[in-house]
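In the working numbering, the protein residues as written are 22 to 344.
Quick caveat, the hints were computed from the structure, so don't treat them as lab data.
For clarity, every value in this text was computed on a predicted model and none was experimentally measured.
Treat the hints with care, as some may be off.
What the hints assert, rightly or not - Distance condition first, Cα-Cα at most 27 angstroms in a straight line; then the derived DSSO-like pairs of lysine-lysine:
1. K138 <-> K187
2. K233 <-> K287
3. K81 <-> K285
4. K244 <-> K284
5. K77 <-> K104
Unchecked claim - Derived DEER-like restraints, expressed as beta-carbon distance ranges:
6. L203 <-> R292: 29 to 39 angstroms
7. D49 <-> K251: 42 to 52 angstroms
8. K322 <-> F44: 56 to 66 angstroms
9. N215 <-> E55: 38 to 48 angstroms
10. H71 <-> L203: 38 to 48 angstroms
11. K322 <-> L169: 41 to 51 angstroms
12. D188 <-> E55: 28 to 38 angstroms
13. P105 <-> G243: 14 to 24 angstroms
Idealized CB from N, CA, C, for every residue including glycine.
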Amino acid sequence: MILLSLFSLLFLFSDTLTAESCFDFFPDAYKVAEGHSSYAVAKNRFIAFHCPEREKIVAKDEFEGLCLFESPVRRPFPLADPKPPLLFHPSEKVRHVDILSSPFSIYPGRVEKGFGKEGALFTACCGLVGIVDSEGRWFGRNAMERLLRGETYHGDVGVRFERMRKDRVVSAIDPFVRVPLLPGDRLLKAGKSNDASFETLAQEIDRCRRGKSLSVTVSRDGKTLTFSLKCFERTGGGKVSDTFLERFGFRFDRRLRIVRVEKKGKRQGVREGDRLLQIGRFPVADEADVQRVLTDFSLRKTVPKRLLWERDGFQFFLPLPSL
Numbered sequence: 022m023i024l025l026s027l028f029s030l031l032f033l034f035s036d037t038l039t040a041e042s043c044f045d046f047f048p049d050a051y052k053v054a055e056g057h058s059s060y061a062v063a064k065n066r067f068i069a070f071h072c073p074e075r076e077k078i079v080a081k082d083e084f085e086g087l088c089l090f091e092s093p094v095r096r097p098f099p100l101a102d103p104k105p106p107l108l109f110h111p112s113e114k115v116r117h118v119d120i121l122s123s124p125f126s127i128y129p130g131r132v133e134k135g136f137g138k139e140g141a142l143f144t145a146c147c148g149l150v151g152i153v154d155s156e157g158r159w160f161g162r163n164a165m166e167r168l169l170r171g172e173t174y175h176g177d178v179g180v181r182f183e184r185m186r187k188d189r190v191v192s193a194i195d196p197f198v199r200v201p202l203l204p205g206d207r208l209l210k211a212g213k214s215n216d217a218s219f220e221t222l223a224q225e226i227d228r229c230r231r232g233k234s235l236s237v238t239v240s241r242d243g244k245t246l247t248f249s250l251k252c253f254e255r256t257g258g259g260k261v262s263d264t265f266l267e268r269f270g271f272r273f274d275r276r277l278r279i280v281r282v283e284k285k286g287k288r289q290g291v292r293e294g295d296r297l298l299q300i301g302r303f304p305v306a307d308e309a310d311v312q313r314v315l316t317d318f319s320l321r322k323t324v325p326k327r328l329l330w331e332r333d334g335f336q337f338f339l340p341l342p343s344l
C-alpha cells in the first residue's frame, strides 16, 4: 500500500522528476559495473551492454550485445511497456522520449534523441521500458524477457534486405547455403503475416528455428513468386560483423581486421589482428565489399576456395574448409 502511494506521488509529480528519481524507490536496482550502466530486471539479475569479469554471467547475447549477470538486488525495476511520456536516464532534467518504432530483436528501434551514451527508458511510474546503447538502439521488454529466459538464439535464412523507397529488396545472398532468391527481389510477404514491413520480416526471420522453413513471397520481373527458405542459426549481424564468413569462427572490425577468433577459426590458422584482403582473386575493403563478392559467388552457384590475409606486413592465402 505504501509502495502504491509512492508510485502515485511519482506519477503526479513526474514533470518535476527525472529518471534518476526512480533510483530512490529502487535503491539497489541500478549500478555501474566496470564503467557500464546496469539495471536489475529480476531478482538478482542485472542487464547491461557489457559483461563484468567479476560477476557470474547468466546469459549473453553477442548478436544483440546484451549481457545478463548475477548480483544481489532486493527490489528490481518492474518491466513495462512503452507509454509516453517516458523518462530517459541519464539526464539532468525530465526528457520525454518518443519511441519511433517497436523494438525487435534484430533491428531495434531508435530513440528520438540520441544521447551518445548508454541509458534506459522509464515510465512515469518507474517501470523499466528498455535500455539504450550509445548508438541509440533500444531493447524493450520483449528483448529483456527473452534474455531472462536464456533465449539467445537468432534465426537466419541466408539473405540480407535493404530499404528501397517503400520496398524491401534483397541486397545480398549467402553462397554457403542454397537460397532461391535473387538480388533485387521485392519482399511482399514473410511467414504467416501479410505485413511486408522491415520489422515483421526481422521478427519472422529471428524466430525461425534451425531446420525449419520460412515461406517468403517476392515480386520479380512483374511475377509473384513464393519460396521456402531453410532456417539456420545466425552467426553475423547486429553487434557482430556481418560478412557471411562469421560461420568459420572469426569476427571482423570495419576494416576487415579480425577482432576475435573462435576455436574453429583457430583451426584454420587465422589470428586476431589478421586482415582480410581478398576473397579468391577479388579484393575487399569492408563488409559491403565482402557481401557483394560473396553474392556474386552465390549467383554462380559456387563458393570461394581460399582467402588472402595480411599479418605483420606479410600476405598469405588460407583455404576455406568445406561446410
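Is it true that the C-beta distance of K322 to F44 lies inside 56 to 66 angstroms, as the hint says?
-> holds (58 angstroms)
Straight-line Cα separation of K244 and K284 no greater than 27 angstroms?
-> Outside the cut-off at roughly 45 angstroms; violated.
Could you check the hint for me, namely that H71 and L203 are 38 to 48 angstroms apart, CB to CB?
-> With Cβ atoms ~40 angstroms apart, the hint holds.
Holds or violated: 14 to 24 angstroms for the Cβ distance of P105 and G243?
-> violated (43 angstroms)
Could you tell me whether the CB distance from D188 to E55 stays inside 28 to 38 angstroms?
-> violated (43 angstroms)
Can the restraint linking K138 and K187 be considered satisfied, given a maximum Cα separation of 27 angstroms?
-> Given that 27 angstroms is the threshold and the Cα spacing comes to 31 angstroms, the pair is violated.
Pairwise beta carbon distance, D49 to K251, judged against the given window 42 to 52 angstroms = Since D49 and K251 have Cβ atoms about 47 angstroms apart, the given range 42 to 52 angstroms holds.
Do the Cβ positions of N215 and E55 conform to the proposed distance bound of 38 to 48 angstroms?
-> holds (46 angstroms)
Range hint 29 to 39 angstroms (beta carbons of L203 and R292) holds or violated | holds (37 angstroms)
Going straight from one Cα to the other, do K81 and K285 come out at no more than 27 angstroms?
-> Given pair K81, K285 holds - Cα atoms ~20 angstroms apart, limit 27 angstroms.
Are the Cα positions of K77 and K104 separated by 27 angstroms at most?
-> violated (33 angstroms)
Given the hint of 41 to 51 angstroms, check if K322 and L169 actually sit that far apart at their C-beta atoms.
-> holds (43 angstroms)
Comparing the model with each numbered hint stated earlier shows that hints 1, 2, 4, 5, 12, 13 do not hold.
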